[in-house]
Amino acid sequence: GQNIDQPTEMTATEGAIVQINCTYQTSGFNGLFWYQQHAGEAPTFLSYNVLDGLEEKGRFSSFLSRSKGYSYLLLKELQMKDSASYLCAVRDEGYSTLTFGKGTMLLVSP
Amino acid sequence: EAQVTQNPRYLITVTGKKLTVTCSQNMNHEYMSWYRQDPGLGLRQIYYSMNVEVTDKGDVPEGYKVSRKEKRNFPLILESPSPNQTSLYFCASSLYEQYFGPGTRLTVT
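Protein chains in written order, with the numbering used here: chain A, 64 to 173; chain B, 80 to 188.
No wet-lab data here; the hints were simulated from the structure.
Any given hint might turn out to be false.
What the hints assert, rightly or not - Partial selection, computed: residues in chain A whose CB lies under 7 Å from chain B: (1) A105; (2) F108; (3) F163.
Where a beta carbon is used, it is the ideal one built from N, C-alpha and C, also for glycine.
Next up, chain B with everything else stripped away, as it sits in the complex (with noise of 0.2 Å):
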């Protein structure tokens, strides 16, 4: 089955603990991206990737950083996570349309 998964789906840290938010996709994509999404703001691009080695900052990168050294993963980490990083995280992979993963749910306490 196609599809995009994320890990993990919930997920409830401490400030300045780094975590990473592994994302994994099976389509062969050239093209993978994170986005979060709040209340009142919608989904905003954090990173994309066209390729692999190949990534750049979307509209909110501050605070994250990603990497892609293989097609299929782009993880996104979290160096030092605050509280303004809570928030509703979705990685997405496309060739045509975006599919999504299903999101992680993140808390910085």
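This is chain A alone, in the form it adopts within the complex (with noise of 0.2 Å):
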């Protein structure tokens, strides 16, 4: 099975940068994913890594560590529309399933 753990809530001013961890143990492993979720939405795709190092994407990074099972997110520049809750996800060996952390609610302040 898999294990994922991200910190419940974050704050941080509007121009700020903020970094999301998110932790994992797995049983097998195939990929990292980050989604972004507003209140009553739909979650929206961010990120995805696979191999170790950093991806970036306008405003958004986001980093893996196989070998430590650490990933992170980095928003820079931070707007308030940036509030929002950021999930993390596993996606196992076989493709089939895709295992969510609890979510990181970001609350951004002017």
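Using the hints, put the two chains back together into the complex; each one sits in its own frame.
Below is the structure:
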């Protein structure tokens, strides 16, 4: 099975940088995903890592270390609209299941 | 427009009355999945399907059924709903990353 941990809540200020961490213990691994979910809406895809290292996509970057079972999502130049829940998810080796963490609620204040 | 659709979006029903939540995708994805999302528990997988006529249980399959007779559709069936199935349900399909439907908020009284 998969066990995924991420902080429950974080706060940050508009214009700042925030890092959301995710640790996982898995019986198999074939990629780590980050999703953004605004209240009452569907999750939307942000990033994907399958190899170690940093993937950058505009204001968002995601890092993976498979040996440490660790990932982070970095959000730069925070905007009010970035207030949302951020979900870390791990895909199993068989590409059959995606297990989600409970999500990190990020509140961006002026 | 590439999308996953679910119907209904909101449903209030009573214990024991069979219901079906439909899910359809127009991206020709082979993989589809159902999740439920509850406060404090996050998204949990109910069932998934790797292709037509191929379905398998996720983490919380009890009380649910699915079918996959065609690639685009993956309905979720609650034969005898109970109050503990009150939740927000998401259907998803994927080739690479998962695309989620808008969600169905179900209340069972």
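Each hint tested on the structure:
1. A105: Status holds, d = 4 Å.
2. F108: Given a least distance of 4 Å, the restraint on F108 (chain A) holds.
3. F163: Nearest chain B Cβ about 4 Å off; hint holds.
In terms of the numbered hints stated before, the structure departs from none.
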